[in-house]
Amino acid sequence: MPERPLLEICDLVVRYGPHTVLNGASLKASRAERIALLGPSGSGKTTLLRSINGFVPAASGSVRVDDVEVTSLRGQHLRALRSRVGVVSQRHDLIEMLLAYQNVMAGALGRWSNWRALRFLLYPRASELEEARSALRRVDLEHKLRARTARLSGGEHQRIAIARALVQNPLLLLADEPIASLDPELSEQTLALLCGLAHESGVTLICTLHQPLLAERFFDRILELRNGRIEAERNGNGSRAGRESGLALARGQA
Amino acid sequence: MELFHIIGQFFPPDLSAKYLAAALGPLMQTLSMAAAAMLMAIVAGLGAAVWVGARLPGARFVYRALSVIRSIPDLTLAILCVVIVGIGPAAGTLALAIFYTAALGKVCGDLFTTAAREPVDALQATGATRLAVAFFGLLPLRLKDILSYGSYEFESAVRASVIVGAVGGGGLGTELAGTINALDFHRTTTLILMLIVLVALIDLLARWIKHKPAMLVGILPLAGLALWVNRPSMLALSHSMSTFASMLPPHLPAAAVGNLPGLLVETLAIAVGGTLFAIIPALPLGLLASRNMTPAFVSLPARRILEAFRAVPEVVWGLVLVSLIGVGPKAGIVALALHGTGSLGRLYAESFENIDTAPVDAITATGAPPIARAAFAYVPLALPPIAVHTLFRLEWNVRAATVVGVIGAGGIGQALYNAQQLFFYRQMAAYVLVTWILVSVVDLSSTRFRRGLNLMEVYG
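Residue numbers (this note's numbering), protein chains in the order written: chain A, 33 to 286; chain B, 1093 to 1552.
Derived by calculation from the structure, the hints in this document are not laboratory data. By construction, the Cβ of each residue, glycine as well, lies at the ideal position given by its N, Cα and C atoms. One or more of the hints may lead you astray.
[Claimed, not checked] Residues from chain B shown here face chain A by an in silico Cβ test under 7 Å; the list is partial:
id, residue
1, Ala-1450
2, Ala-1454
3, Ile-1455
4, Ala-1457
5, Thr-1458
6, Gly-1459
7, Ala-1460
8, Pro-1461
9, Ala-1464
10, Ala-1467
11, Phe-1468
12, Pro-1472
Starting from the given sequences, assemble the full structure and let the hints guide the process.
Following this line, the structure appears as structure tokens:
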């Protein structure tokens, strides 16, 4: 019997007022698969990603993550799902007033109690700092553990956001245009890092971007979103290009 | 238990038709004092502001004088006016008029001097006189800001007219002090409730005027009437002059000079303590009151509670507390904390509402529970504006600490009031001078400090 897909979206329709953004979008992703989502601006890529962790109400259709229907989740159950879905976005969305390790460990908030979250801000335990350190090590920022987030560069913000997603120990990693504001060299490094990490930890990666060539180079499968649905699909070279070399590329140039 | 017993004495409020009708008089008097004072302040203050804005000869001196007058606390001014004009609404009105003339004049002067350069230059290029430039350029350019600041000041003047009443300036304040002295606490509650409703109504009226500035024309004759009603009844100029002369030169006996450092420290302690005890409840209440954080059935009641705390000025809380826990700095600290909770809570709520939503979404996306979300996203994101608001509050509270002292809450204010009661006018004048120096020094250093903090914000 074939394995059930980790993510299964069926005929998803999303409307903002009179505006139909997704109009019957469907996609399947298996474990550890790396998928690039291409499409013009305004085609609904971000909406599709946000529907996967329950930030967008669906008009009809279904979204299943690890056999759990997302569209009807509320409260605690929705939080439990979100804690297993990591998000990295274009603006990185870090809290600039906090220190680097505090931003990284925000990824653990889904499994921590309110009380533990408060205690951590005031008095982090050695084991928690160690967890932050090892996540930062994976993105080569170990030396910035106690840095003020506001003083770090854009590229470093990006990697802290990735480390935060890693701490979530996710089943699924959603990257919303992670390279939109980066120069070509940094773009390649970032994609290599994301794809390498996804491979290392067997995480399914879904990444929106605008560059077909990069999509082809780094991802297993490339989907094109047009008019609110997936209209084209092809395989990329991600698997052949060597998953290990992707990580090596990121490490070597960082 | 004793605390509940004491608070219980204030309930239920006396809502009998007879008392409500009787309290209507002082209520109208308070309103008319504020209206009359604002009329004078608008005429004189705008005049001074145009003078400053048009850079007429002596503009810099006018601006300095406005700054000096503005840094005398309103209640201190009221005591001076009671001494000079005699007990009654005229003294309160005069004190308010002087205070708000300086406040309006200074702020509008600032508005004019920072108005857009180009339209003003274009007018000057036509060869218009400086005064014409002010009326055709500066005034229309800044009309909106003046209206919005003016309506804010009117609300504040209504509150202040209650305050000046407490030292014999007439109106609701005098009545309020009377009920407390007579231990008639049920009626105290009635008057406080009336004040809360009045301030809410003024707030409504202010929003209306901001929407339709033409409404002001309808209000002007009423304000004129109020001015006539509150004129000094028997203004004997020679008597006023001789009273004023008896304050000069300011003088403190040696024993009082020795007490001065202690009094100043006590005043500063009231300000710092009042601010600290306001921050503690204001943070959670502000979070609850922010509309992006909590559902409407939580945020709306939280907002109303904050408004009620804020509607009652420090001095009124002070009057109540002095009667409850006795004369001394403790009453002052609690009074400042209660009013400050309302003010800070509202400003904190606004800070929380104005934060960038994207980082909050990012934290929500990790599946964080609500309190963790507040601690990791809302509070750190809102921290810079919250710090600025809190510093402003501390600065304001130094002024307020000198004021609540007057009604028995300790510090320099109490010494000032005692001197007035004993007719030691030269000593009183000395305390006024010391108060003014204290407030000015704190204003100045706070402005410097905030400027420094801005720089720090740029560097993260």
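Now the hints, each set against the structure:
1. Ala-1450: holds, 5 Å
2. Ala-1454: Check passed: Cβ of B:Ala-1454 comes within 4 Å of chain A, closer than 7 Å.
3. Ile-1455: holds, 6 Å
4. Ala-1457: It holds, given that the least Cβ distance between B:Ala-1457 and chain A is near 5 Å, below 7 Å.
5. Thr-1458: holds, 5 Å
6. Gly-1459: holds, 3 Å
7. Ala-1460: The hint holds - B:Ala-1460 has a Cβ within 7 Å of chain A, the shortest such distance being about 3 Å.
8. Pro-1461: With Cβ-Cβ at 5 Å, under 7 Å, it holds.
9. Ala-1464: Interface hint status for B:Ala-1464: holds (3 Å vs cutoff 7 Å).
10. Ala-1467: Since the shortest Cβ distance to chain A is 5 Å, the answer is holds.
11. Phe-1468: holds, 5 Å
12. Pro-1472: holds, 4 Å
In this structure, every one of the numbered hints holds.
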